[in-house]
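Enquirer: Each chain is listed here by its residues.
Number of protein chains: 2
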Amino acid sequence: MKKPLILITNDDGIYAPGIYSLTQAMQGLGEIFVVAPLVEKSAVGHAITLSDPLRVLEVNREGKFFGYAVNGTPADCVKLGSKCILPRNPDLIVSGINQGPNTATNVIYSGTVSAAAEGTIMGIPSIAVSIASFTKSEFAFAAKFSCQLAELVLKNGLPERTLLNVNVPAVPENEIEGVVITRQGKGRYEEAFDKRVDPNGRTYYWLTGKRMILDNGNDIDDLVVMQNKVSVTPIKYDLTNYSFIEELKKWNIKME
Amino acid sequence: MKKPLILITNDDGIYAPGIYSLTQAMQGLGEIFVVAPLVEKSAVGHAITLSDPLRVLEVNREGKFFGYAVNGTPADCVKLGSKCILPRNPDLIVSGINQGPNTATNVIYSGTVSAAAEGTIMGIPSIAVSIASFTKSEFAFAAKFSCQLAELVLKNGLPERTLLNVNVPAVPENEIEGVVITRQGKGRYEEAFDKRVDPNGRTYYWLTGKRMILDNGNDIDDLVVMQNKVSVTPIKYDLTNYSFIEELKKWNIKME
Chain A
0 MKKPLILITN
10 DDGIYAPGIY
20 SLTQAMQGLG
30 EIFVVAPLVE
40 KSAVGHAITL
50 SDPLRVLEVN
60 REGKFFGYAV
70 NGTPADCVKL
80 GSKCILPRNP
90 DLIVSGINQG
100 PNTATNVIYS
110 GTVSAAAEGT
120 IMGIPSIAVS
130 IASFTKSEFA
140 FAAKFSCQLA
150 ELVLKNGLPE
160 RTLLNVNVPA
170 VPENEIEGVV
180 ITRQGKGRYE
190 EAFDKRVDPN
200 GRTYYWLTGK
210 RMILDNGNDI
220 DDLVVMQNKV
230 SVTPIKYDLT
240 NYSFIEELKK
250 WNIKME
Chain B
0 MKKPLILITN
10 DDGIYAPGIY
20 SLTQAMQGLG
30 EIFVVAPLVE
40 KSAVGHAITL
50 SDPLRVLEVN
60 REGKFFGYAV
70 NGTPADCVKL
80 GSKCILPRNP
90 DLIVSGINQG
100 PNTATNVIYS
110 GTVSAAAEGT
120 IMGIPSIAVS
130 IASFTKSEFA
140 FAAKFSCQLA
150 ELVLKNGLPE
160 RTLLNVNVPA
170 VPENEIEGVV
180 ITRQGKGRYE
190 EAFDKRVDPN
200 GRTYYWLTGK
210 RMILDNGNDI
220 DDLVVMQNKV
230 SVTPIKYDLT
240 NYSFIEELKK
250 WNIKME
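Chains as they are written, first to last, in numbering that gives the first Met the number 0: chain A, 0 to 255; chain B, 0 to 255.
Isolated chain A, as found in the complex (with noise of 0.2 Å):
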């Protein structure tokens, strides 16, 4: 059987630590490419880059050829990896490993799950994988884990359009408790922004904010990852809200 193409990106950018150690993980599932945003693009979303050329660079990681870095989102990263960098559509797409979590609301803003879901566009079965600290970076348990799914998704597939966004939390192997099936809760940060002044008078804001929690069940992604355990949230970007489809004709919307 030919090797299975497997195509890795992330947000963090190429030389963040997460998509090192998921790199080296994959090693044996197939013919690896690694294509990432040269800086970091965190919280990018589902960015494209539309107005700007894009450009790629190869880079080298520990003295050997690691991957091909774009000037792009991690959106542009799997368009142009797919069309222009490998030499076909990979057999699937692994983004990540993110350092913070991506669970509730967090996952509109992501750009690791954005990459993922740009290869679902694609029609190719994507994961996107993140650890549950902005400042621990220990990733060889989420790459291990990030590994075995893979295997599973080459085998099962995935339904049309739905990617697997795994949060992983943060503590030593030896703390996490399991895996649940979740989905993705509805908690928000409810935004402040930090107001100052710069050292020439004129003012400007940090977006700042604090946690809500805003489920409670035992099937909630960033609540289950607060348990201590792994939390995989099959995602599909089919935003109708067809339940209120019936409701909203009745409103007698007219041409003027």
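I should point out that these hints are in silico values taken from the structure, not numbers from a laboratory. A few of these clues could be false.
If you want a taste of the chain B side facing chain A, the calculated C-beta under 8 Å gives, among others [stated by the list, open to error]: (1) GLY44; (2) ARG54; (3) LYS78; (4) LEU79; (5) THR104; (6) LEU148; (7) PRO158; (8) THR161; (9) ILE175; (10) VAL178; (11) ILE180; (12) THR232; (13) LEU238; (14) LYS248; (15) LYS253.
Here are the simulated DSS-like cross-link-like pairs (lysine-lysine), alpha carbons at most 30 Å apart as the crow flies [stated by the list, open to error]: (16) A:LYS249 with A:LYS185; (17) A:LYS63 with A:LYS143; (18) B:LYS235 with A:LYS209; (19) A:LYS253 with B:LYS228; (20) A:LYS185 with B:LYS185; (21) A:LYS228 with B:LYS248; (22) A:LYS143 with B:LYS253; (23) A:LYS1 with B:LYS249; (24) B:LYS209 with A:LYS235; (25) B:LYS253 with A:LYS185; (26) B:LYS248 with A:LYS1; (27) B:LYS185 with A:LYS82.
These numbers come from a predicted model, not from an experiment. Where a beta carbon is used, it is the ideal one built from N, C-alpha and C, also for glycine.
Following the hints, position chain B against chain A.
Expert: Just chain B now, with coordinates in the frame of chain A:
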């Protein structure tokens, strides 16, 4: 009764023609604040700015104060506008009028829609409006239609986390054949890249592509607009693929 507080934003930038027409049309409806990106932010998806400070600039148009420009994305404008510029959270957010359709798969790349989505996350009823042409800029009908729909939304409210995504065909008003409540189509672009060499001998790529129609039926957003009808789709950012959860549980995903 107190006049409703309305936040208007877009992704084409505060100097675009569409946001000007929209703002003029909405004047009678409430107290209007325009908070929009300083420069064009098309196809930024749901990007937010975490790594850079945000600044606010007061902008005049046609010799009068028009609104506040932010050096960020549409989602940034909604957050910063609501928390730091408006006296309180708005009663309604209208994003547009975008130059170019935001239907089918394009919805997930759209900065216009992401601004409205940000509103719904904050619990504010929100509408996104686009016209289906990148070149024609006749916004009068779309502005009038937005105003009518805004009144209905202020009166009826919207379900939790649900926005209305409006796409208006780019034809004269007397050729528009009706309004249809629609769902998001699956149509997407078949990616291609135009590979070129710059004057310094370096390779670069432009993203391009051919539009693919992947649906049929009378209630699909992009098809309805092609039939010269206005499409109104209720959009909800609940991304869980609920129908796949039971199947995924059977995969027996292990810890290692």
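Enquirer: Would you pick out the hints that fail for this structure and give their numbers low to high?
Expert: none
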